[in-house]
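Trainee: Protein chains in written order, with our numbering: chain A, 7 to 277; chain B, 53 to 373.
Each statement offered as a hint is correct.
Capping the alpha-carbon separation at 25 Å, the derived lysine to any residue pairs in SDA-like fashion look like this:
1. A/LYS273 - B/ARG124
2. B/LYS67 - A/THR176
3. B/LYS68 - A/LEU270
4. B/LYS61 - B/PHE122
5. A/LYS22 - B/THR149
6. A/LYS273 - B/GLN65
7. B/LYS58 - A/GLN272
8. B/LYS58 - A/MET276
9. A/LYS273 - B/HIS134
10. B/LYS67 - A/LEU266
11. B/LYS188 - A/PHE77
12. B/LYS68 - A/LEU180
13. A/LYS273 - B/VAL75
Examples of chain B residues toward chain A, derived with CB under 8 Å:
14. HIS141
15. PHE147
16. GLN162
None of these hints come from the bench; they were simulated from the model.
We put the beta carbon where it would ideally sit given N, CA and C, even for glycine.
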Amino acid sequence: MHSFACIRALGLATLKGGLRDRLIQSLLLAGLFFLLSTLVFSSFSMRQPLEVAINYSLATVQILAILVTLFLGLNLLSREIETRAGYLLMGQPISRTVYLLGKFYGLCLLNFLIVAFFGLCAALSLPLVKIGLTNAPSIAWGNFFVAQLGILGISLLLGAVTLLFTALATSAVLPFLMTVGVWFIGQSTEAVKNYLEAGLTAQPMPPALKWLVTVAYYLFPNLSLFDFKVYAIYGLTIPPLLAGYALIYGLVYMVILLLLAATLFQKRDMT
Amino acid sequence: MTSAIKTSKLSKQYKKGVRQQQVSALLDLDLEIRRGEVFGFIGSNGAGKSTTIKILMGLIQATNGQAWLFERPVTDPAARLHVGYLSEHPHFHDFLTPLELLHLLGTMRQMERKTIARKSEELLGLVSLSEAANRKIRGFSKGMVQRLGIAAALLGDPDLLILDEPMSGLDPLGRHLVATIIRDLQRQGKTIFFSTHIIHDIETLCDRVGILVQGHQKYVGSIQEALYPAGNLFEITVRMPEQWAPAQTILGSLRLLWHKESLYNFELTEAEISSATQAVIAAGGGIVTLEPKRRSLEELFLDLSGKFGEKGQSDLTSPAS
Ligand SMILES: Nc1ncnc2c1ncn2[C@@H]1O[C@H](COP(=O)(O)OP(=O)(O)OP(=O)(O)O)[C@@H](O)[C@H]1O
Ligand SMILES: [Mg+2]
Numbered sequence: 007m008h009s010f011a012c013i014r015a016l017g018l019a020t021l022k023g024g025l026r027d028r029l030i031q032s033l034l035l036a037g038l039f040f041l042l043s044t045l046v047f048s049s050f051s052m053r054q055p056l057e058v059a060i061n062y063s064l065a066t067v068q069i070l071a072i073l074v075t076l077f078l079g080l081n082l083l084s085r086e087i088e089t090r091a092g093y094l095l096m097g098q099p100i101s102r103t104v105y106l107l108g109k110f111y112g113l114c115l116l117n118f119l120i121v122a123f124f125g126l127c128a129a130l131s132l133p134l135v136k137i138g139l140t141n142a143p144s145i146a147w148g149n150f151f152v153a154q155l156g157i158l159g160i161s162l163l164l165g166a167v168t169l170l171f172t173a174l175a176t177s178a179v180l181p182f183l184m185t186v187g188v189w190f191i192g193q194s195t196e197a198v199k200n201y202l203e204a205g206l207t208a209q210p211m212p213p214a215l216k217w218l219v220t221v222a223y224y225l226f227p228n229l230s231l232f233d234f235k236v237y238a239i240y241g242l243t244i245p246p247l248l249a250g251y252a253l254i255y256g257l258v259y260m261v262i263l264l265l266l267a268a269t270l271f272q273k274r275d276m277t
Numbered sequence: 053m054t055s056a057i058k059t060s061k062l063s064k065q066y067k068k069g070v071r072q073q074q075v076s077a078l079l080d081l082d083l084e085i086r087r088g089e090v091f092g093f094i095g096s097n098g099a100g101k102s103t104t105i106k107i108l109m110g111l112i113q114a115t116n117g118q119a120w121l122f123e124r125p126v127t128d129p130a131a132r133l134h135v136g137y138l139s140e141h142p143h144f145h146d147f148l149t150p151l152e153l154l155h156l157l158g159t160m161r162q163m164e165r166k167t168i169a170r171k172s173e174e175l176l177g178l179v180s181l182s183e184a185a186n187r188k189i190r191g192f193s194k195g196m197v198q199r200l201g202i203a204a205a206l207l208g209d210p211d212l213l214i215l216d217e218p219m220s221g222l223d224p225l226g227r228h229l230v231a232t233i234i235r236d237l238q239r240q241g242k243t244i245f246f247s248t249h250i251i252h253d254i255e256t257l258c259d260r261v262g263i264l265v266q267g268h269q270k271y272v273g274s275i276q277e278a279l280y281p282a283g284n285l286f287e288i289t290v291r292m293p294e295q296w297a298p299a300q301t302i303l304g305s306l307r308l309l310w311h312k313e314s315l316y317n318f319e320l321t322e323a324e325i326s327s328a329t330q331a332v333i334a335a336g337g338g339i340v341t342l343e344p345k346r347r348s349l350e351e352l353f354l355d356l357s358g359k360f361g362e363k364g365q366s367d368l369t370s371p372a373s
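Bound-form chain B, shown alone (with noise of 0.2 Å):
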């Protein structure tokens, strides 16, 4: 099977100022998105992910590597036929309506007038545009602009869409949208190719996700392998009886995150499991949640950029893709 993007070595240096100061943005990303995959592409502020999305998209060069798009480079404007983009602050001629934006780009994308009469008008409802769709853009709110950022990117019915942090600027039932579109676009078989910061996102929409940190890419795969790392904690929350203590059995001696009324949630390995789940019956108590210890994405940065604990890189060297 071919794959949808596919990145070679890809780097890229900024030149600022006068002084023609280099900023190294992206160093020997290599990347292959498989057709039909949902892959969130994450790092912390500054890690480059937008700057490669740029140059998928045309609009910067790479200084170093290749990039493709369904097999055809990137510098080559046809490559972005089949795929829609959504940027990282979407801005829009202004000047336009909706709809008359909306035929614009529909003529660039070769679709003809009735398609894109009949796709604008799906688009903008989906989207919950409706009625601001022969209304001047320039008095849109930030959310409006970001809405109709998505119709823009989905009007080609593109095979591939790349969407730089795509739930920014939302309300709730506005990420929401976002997720159930991201959804059933990847039940037609299209790919999909987002940046994000959220980890909600990640987890319940991505097959698969990249990790940037300044530049270099950390790590590929399963989001649960890394966040659910193996020999990985785990937290179970009990509820115990009234006037029953830690102490008096063996969950005494595991760590206390909180304890509020009868809850008590504590912090256990996998081989404590069964011994204090015995413990927990044997006192007269219930076991609410037993579950992994997920590590946050900042835990996540940090230890990818080699700066929290020992472990770090070496566990999560990514399983070949």
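Next up, chain A with everything else stripped away, as it sits in the complex (with noise of 0.2 Å):
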């Protein structure tokens, strides 16, 4: 009971260190302009201007929940190490794995919190721009709820890997770059595979590359599998089978995370 009180207690504190971060407050702001300026521009696009308003909008909130995912990863975890800020935690009677937990269930408030902020704000602007339209599809709600999900799904993800990685890296910008790579191998490794196994290569693959890509394909995290945009965009209905994989997939690799973060955290010298 007691550790569930420290790790809301450690997770409300790192809410408040995002929410009061510079950094993160301009990242806010700018995706706030972002989503009002492609509504703006979606409105003048020839065709499909309600499609290209949810793409944009999707993806602004995307990109916004992984910065900041980055960022809070940096400033509220590697940082915190580094500076030390976090042995005054650390000398509390609580274990290493509450102190880890409480970050990140700091980095899931904030990650909801966005999310359902400007994934909210997308949903009250698409109907502005379908006034005016004739003949314009109906939005499909349903999904675009669950490509806002997939987009919570990718940043937590990633927010465990930064996790992972302040266990193991004893520099703040390590983690943080480690993840922004880890960030564009996961959005493409499923596609390379695809592309590799299809046999639309010129030559024959060496086997080795093949076996690299295999790895690669199992051991980054697959972000591709939240990625839900298409069915949101065009209404596509989202395979039950599809959607519960994701999910599935999602928590037992965040799990695995976390464990292994905890694992090395525990065996970490804070000096």
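The two chains are supplied separately, each in an independent frame; assemble them into the complex guided by the hints.
Mentor: This is the structure in structure tokens:
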């Protein structure tokens, strides 16, 4: 019971830190500005302004959530250990795992708030784009919602990745850069794998490369799994199996990351 | 009676750099701090004081040996439940205010909301930070941060305080405050373990001291015995009539350390005291002070390192504690 109270308190403090962080504040402001401007621009779009608006607004929320995760990880996790501010907390009668989970909870809270707030902003403005459009398709709200959840999934996975790297590295920038790397790779592993497996390459692929791609596919988080933008844009039916698989995959991957991070963190010298 | 802190053959080697070069920071430390004791932990820079303290607080892992706080191994987070800690370089979440920070810490110590609020207010008043209670820590001066650190260490009403250089960065009033706090806590029966470089604090506050030299414990015991070892020299300051010269009396055979107007200061052995004082009075002078010559902390460290004179470690073996 007590551990939960600690995780909650730590999470709330982290959330506070995130909302009070200058960099994150300016990111949020920029996000709001972007969201508004995409709506304006989409209405100038000749073809399918509604589809363009959905695409842009979802992309904005996604990039925002990811950037906030990255910077929260940098400023409120890695740097907290680098500057020793976290030592005060670790010197309290709590285990390192509780500390780590508290931080992760804070990250979840902030991401949830951001996705909810910006998702709501986008949702409220989409009907505005529709005004004056003749025979515009109706918006697939359910899919739009699932797409938001997917975005949340991606940013939380990346948050857990940052946590793992923070437990490993001693400098604050390293986890940041490595998470950025994971983000880029994680987005494309599936595409690369499919491309190679379809045998579309001009020359037959060396087995070593094939092996490497397969390892990367299973090692790095498959982030494209959480990308439901297309379904939201065109109102296609989301296969329940796909959504369920993404959910379970995300949860399992996250739990593994957290367990690894906690194990490594336990052994770490806080000097 | 049970001990507040106990270590057994505690050792720490840091691994440094890519080549994992080993730095031995602490070797076979055996320490036992009784409940209710004020214990000073001294040693030159890099002696291993902070290393020991960080092991006690579970921040770093010992390479060898074990340590306990109130009989619980330090690897168990619950060992820290009744312990307040002030780190060497306190650094706090600077986006929080002192009240918010103390609230967070209080929650982790399983304190009730109301108790936290009352205690926070009381402690911030004690360290003169009431005015800044709702200001972000970001703008705090070094001394203010140190004061907040002291308040944070006292929050849970701990039975044991582990303070790493609590006086560092404080103004004279702050130092006085910390000394007062330590005395008060001692009166309440709390145990205090602190590291310091200030000899005055050790002399006025500590029941016992432990001295570390390059990771080795060289002395545990009373500070008086360490600073005023038996067979030590004395210093006498006397006021003499005008036109007096040491050579006229047996004082002439003593070493004159300084002389200013009618005041003379000599160094002498215990055996020479009575003849010297009689000579002073016979010459119509007066004794201003007579005290054992104190070794400076530097001399003590040098002695213990075995680099200074013949006498050193041999006459400083710990009176079994
Ligand atoms: N993170 C670290 N990596 C490598 N060596 C370290 C590390 N921290 C401390 N040391 C080494 O361990 C030894 C003891 O350091 P420690 O900080 O315990 O000294 P200290 O007694 O607290 O000194 P000071 O009075 O300067 O605070 C030193 O030689 C130091 O260089
Ligand atoms: Mg130190």
